[in-house]
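K.L.:
These protein sequences, in sequence, are chains A and B. Numbered per our numbering, the first sequence spans residues 1 to 653. Numbered per our numbering, the second sequence spans residues 654 to 893.
Just so you know, the hints here were simulated from the structure itself, not pulled from any lab data. Any given hint could be a false lead.
To be verified - Straight line, CA to CA, 20 Å or less: simulated PhoX-like cross-link-like pairs of lysine-lysine: (1) Lys335(A) to Lys875(B); (2) Lys111(A) to Lys123(A); (3) Lys780(B) to Lys640(A); (4) Lys670(B) to Lys510(A); (5) Lys314(A) to Lys597(A); (6) Lys503(A) to Lys469(A); (7) Lys736(B) to Lys726(B); (8) Lys340(A) to Lys875(B).
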Amino acid sequence: MRIEYTDSLVIGAGLAGLRVAITSKEAGLSTLVLSLIPAKRSHSAAAQGGMQASLASSVKGKGDNEDIHFQDTVRGSDWGCDQKVARKFCQVAPKAVRELANWGVPWSRVKQGEHQYVANAKKVSITESKEDHGLITSRDFGGTKKWRTCYTSDGTGHSMLYAMDNKAISLGVPVLERQQAIALIHENKRCYGAIVRDLVTGEIYAVVAKATTIATGGYGRIYEISTNAILCNGDGAAIAFETGETPLANMEAVQFHPTAIVPAGILTTEGCRGDGGVLRDVDGYRFMPDYEPEKAELASRDVVSRRMTEHIRKGKGVPSPYGDHLWLDITQLGKEHIEKNLREVKDICHYFLGIDPAIDLIPVRPTQHYSMGGIRTNENGESVGLKGLFSLGEAACWDLHGFNRLGGNSVAEAVVAGMIVGEHIVEHCQQNEVQLSTATVKRFYQQQVDEINTIVTATSGSHATDLIKRMQIIMSEKVGIFRSELPLTEALQELETLYQQSKVLFINNKSLHANPELVDSLNVRKMLKLAIAVTQGALNRTESRGAHTREDYPERNDADWLKRSLFHWRDDKLKISYETLDIMTMELPPGSRGYGKSEIIQHPNTESRMKEVNQLIAENEHLNRHELQALLMPYELPEKYLNRNQRTGIKDA
Amino acid sequence: MTGRLLTFNIFRFDPQKTGDTPKMVSYTLPETDGMTIFIALNQIREHQAHDLQFDFVCRAGICGSCAMVINGKPTLGCRTLTKNFPSGVISLHPLPAFKLIGDLSVDTGTFMREMSERIENWLHEEKDAVSIDVIETRMEPELAEAIYELDRCIECGCCVAACATKAMKDTFLGAVGFMKLARFDLDPRDTRTAEDYYHVLGNEDGVFGCMSLLGCQDNCPKDLPHQTQIAYLRRKMLTA
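Excised from the complex, chain A in its bound form (with noise of 0.2 Å):
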């Protein structure tokens, strides 16, 4: 057995890990990064709209800061996200966003003068100001305020990717590609590291470090059909929830995007209706402002998921082979503008569509796109269960988007995350030392060779590919976008008959290499475990809150809710906690989010937290707003990120 030593051990090369994985060596650190894939390849380069950050330089992000940006976060999450996580994050966007500048984005920017945009199905002209020409501009986005959303062109993950991936380099930070890590490697409540297995190869090695962090993305492949990377299967949320020590968060809270092409499921932006396009049925209708007469086509993701899939369900939907759907319109915002700001888009309508989107109209319909749920870590990204164990972005519930991520978010959560826990990983690595027997890192090492012995030599059993498929028809029929008991209940005993099926695993390839099958084979049961927890936490959750839409429950039940959900992997069986949300330390109280329907049952608490945030507003109206915000809701960043973030036109930051 061979172990490899490091201090920071990085497992995933997206914009998370890299962003971690940069100040740890910066640092002085010997810091190793295992990538399933090479790191420009990571999911991460398919956002393609934007990141939000409120540099409020363009014309109509004016007068946008880190208070907007946060209550308009909130409201996404239906106040479902830790307000302070929320808070920090906002903080730290500008400069997330200014410092990729300096390591390459080339972010689109403002130009002086008059410009023609279409929104509500109008044309409408502005007029960005000389003082903010050539300053980073930004676009429309659901569910905000201002015009927060920067980005470049239409390759917004792409080029920060590339920017971050090529200052790792800079550093000379390793990443070892086509390494899987397959289990952690733990003892008395502290992480030590993790098994990997060697993709090409086969070999089954260690690597012991002081603090592993996890940054794999999320889990959309336990459904059929999703917008992710085929690899996005939450095989670092399930290594996590396999040590039975420390817990998944929220895992039921699952973002379905309103606009993927049907069939193949690939995502084109949001940036699509940020930037004028329209929601049609089959008769050509514009329905959206019929539901949402405010916010249209551009309210938030799950609220226009469901409105479509009402209408869908009103037989308002485009028969096709492969199911009902509606149309994306874009063709009023011109050949040209479709062209530089739209050309994935255009891309993927031309090659996987034959069509053009200047002229015709795109089939989409509401798909699985992110998973809100992941491991659930406190405020500096460490895990609750196991020290020295971080983990951030989609795989991690650090909880910035409780029930449903704002567009613009998730690329932004990665980087301003990395930046954050990339600082308490440091001080971690810094304060601890490993005491660990080789004998414990032999004992985890022998459990995943056994198990892949027994998989190699089974001379019967399941195999892995029909279970996993099995699993995403039963994860997009019966857990989706409309939930309700019996489904769900349906659900959980099939997913719990596969995940026995799933313990006897046969292999026709038995070749312990490069072997497509025993991936599969080594992915099914944590698949299934996730896949599990998903569907008990929307059965135990009776209400609707964000993406999660209950039938039988379709009130908002802060009452009984307002809780984090917490799931350990126990003695091979599932374990459910709650965990309260406190009303009396929120900033912002539960409320209406001003679109999608609002039916909430109130917590006690809300009335007099409101009283009790509303007085201090009143007595302390000589404060500056972030003097009033500490006051509201004190929260704590590394010192480095606690400066002001300028703006142009602004005394007071």
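Given chain A, put chain B in place with the hints provided.
P.N.:
The following block gives chain B in isolation, referenced to the frame of chain A:
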């Protein structure tokens, strides 16, 4: 053309398997509506060749993982529709010029990382780069767009696989490296000058080694302007 039977001739070789030798193996598959090479290969793996190796990640033409040689041309498998091949016969080979992992899977990652280290493929910031707390350095909107145009490379490796010079000369940098240097040359935030690039560009492993056959230009899935940029860099090196 739904319903016709497709024939896939696929390069098969597992270099780690003792005694295995490279060969072409045929598989037949009924075509379905909207079928891509991605869909077809997954079906072949599921039902006919469980050990078939290939790489897909985003399956949307964004990540560059799935470049392979399809009927003689290097391109992205995920967005290649089978209906584009009227004969119904499709040959698949791994990209040449990269280390073979097995079947259609090659190691582009090691190559790209070495290329990045060789040309220092990162923005060389000014020493006193502007603080992340204050208003960023301005940039002309058109320039930002022009930089992004050259920043769109997805490191898929098609240009390297299509390059005759690279096939004869292993140390040749190739179009992917040229494009990245052209991108940094355009970027005013990068402090390097043409003299700084000279040792990696101004010789026969650099732009002067290019035979101008322009397989890069013809096969780039992102339609990057390789021809123009190589010509530009040559002129730049001559005047450096």
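K.L.:
So, for every hint listed, does it hold in this structure?
P.N.:
Hint-by-hint comparison with the structure:
{"no.": "1", "hint": "Lys335(A) to Lys875(B)", "verdict": "holds, 18 Å"}
{"no.": "2", "hint": "Lys111(A) to Lys123(A)", "verdict": "holds, 18 Å"}
{"no.": "3", "hint": "Lys780(B) to Lys640(A)", "verdict": "holds, 19 Å"}
{"no.": "4", "hint": "Lys670(B) to Lys510(A)", "verdict": "holds, 12 Å"}
{"no.": "5", "hint": "Lys314(A) to Lys597(A)", "verdict": "holds, 18 Å"}
{"no.": "6", "hint": "Lys503(A) to Lys469(A)", "verdict": "holds, 16 Å"}
{"no.": "7", "hint": "Lys736(B) to Lys726(B)", "verdict": "holds, 16 Å"}
{"no.": "8", "hint": "Lys340(A) to Lys875(B)", "verdict": "holds, 14 Å"}
When each numbered hint is compared with the structure, no violation occurs for any of them.
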